Each structure stands twice: as structure tokens, then as C-alpha cells.
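Enquirer: Please take these sequences and the hints and turn them into a complete structure.
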Amino acid sequence: MLILLTNDDGIYAPGLAALERELRTLGEVVVVAPATEQSGVGHAITYLSPLIVKEVFRNDNGPGDDRRWGWAVEGSPADCVKIGVQQFCPRPPDMVVSGI
Numbered sequence: 001m002l003i004l005l006t007n008d009d010g011i012y013a014p015g016l017a018a019l020e021r022e023l024r025t026l027g028e029v030v031v032v033a034p035a036t037e038q039s040g041v042g043h044a045i046t047y048l049s050p051l052i053v054k055e056v057f058r059n060d061n062g063p064g065d066d067r068r069w070g071w072a073v074e075g076s077p078a079d080c081v082k083i084g085v086q087q088f089c090p091r092p093p094d095m096v097v098s099g100i
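Residue numbers (the numbering used here): 1 to 100.
Please keep in mind that the hints were generated in silico from the structure rather than gathered at the bench.
Simulated crosslink set (SDA-like; lysine to any residue; CA at most 20 Å straight-line):
1) K54 / A13
2) K54 / Q87
3) K82 / E28
4) K82 / I52
5) K82 / I45
6) K82 / V53
7) K82 / P92
8) K54 / Q86
9) K82 / T46
10) K82 / S98
11) K54 / E74
12) K82 / M1
13) K54 / K82
14) K82 / I3
15) K82 / E55
16) K82 / G40
17) K54 / G10
18) K82 / Y47
19) K82 / T36
20) K54 / D9
21) K82 / L2
22) K82 / S49
23) K82 / V30
24) K54 / P90
25) K54 / T36
26) K82 / E37
27) K82 / V96
28) K54 / R67
29) K54 / R68
30) K54 / V85
31) K82 / M95
32) K82 / V97
33) K82 / A44
34) K82 / G99
35) K54 / A35
36) K54 / S76
37) K54 / I83
38) K82 / A35
Note that the structure is a prediction, hence the values are computed from the model and not measured.
Expert: Take a look at the structure:
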């Protein structure tokens with residue numbers, strides 16, 4: 001199962017990491033979340049500005065264990081889902097999970 005995970009609290013929110021760990025027990029998880037907190041923007045999408053995307057790395061097991069964990073998008077949660085589906089998921093996701 002392929003799961004696309006996003007939120008509105010931002011890529012560094014502790015809840016996102018906790019949810020990603022749990023979802024990993026169900027299948028492959030692709031994390032694409034706003035670079036900063038985006039609460040209250042509803043279904044907003046960005047269309048007049050470029051979307052800047054940066055890889056986010058984690059080292060869960062200490063030094064030398066850096067792995068790409070996801071992508072941070074300078075945009076809304078809806079932008080994150082759109083980019084995630086179009087660019088970062090290897091196939092259409094079976095499920096999209098947003099928020100915790």
C-alpha cells in the first residue's frame with residue numbers, strides 16, 4: 001500500500017513524525033508537508049508564485065543514518081498533495097492522510 005502523508009502544522013511537527021511511524025506499519029509512506037505551519041488555509045492552492053520544494057532528512061539511528069524523510073513545500077497542504085501525487089509518489093497513492 002502506498003500512502004501520501006501531509007498536514008497543516010508543517011514538516012517539523014512532532015505529530016507528523018509519529019503518524020508516519022505508525023503508517024509505515026501499513027505500507028510505503030511518502031511525506032510531503034508544508035515547510036511552515038499552514039493552519040486555516042482550507043483548500044487553498046498556490047498559482048501565482050513558484051512552489052519551492054526542499055528535501056528533509058532525518059537521522060533516527062544517530063550519526064551516519066541520514067535518510068530522506070520527505071519534502072517540505074513552501075505552500076499549502078493542498079499544494080503538498082498535488083506535488084506529492086504528481087512528482088514524488090512512484091504510482092498513484094492508495095490513500096492520502098492529512099493531519100494529526
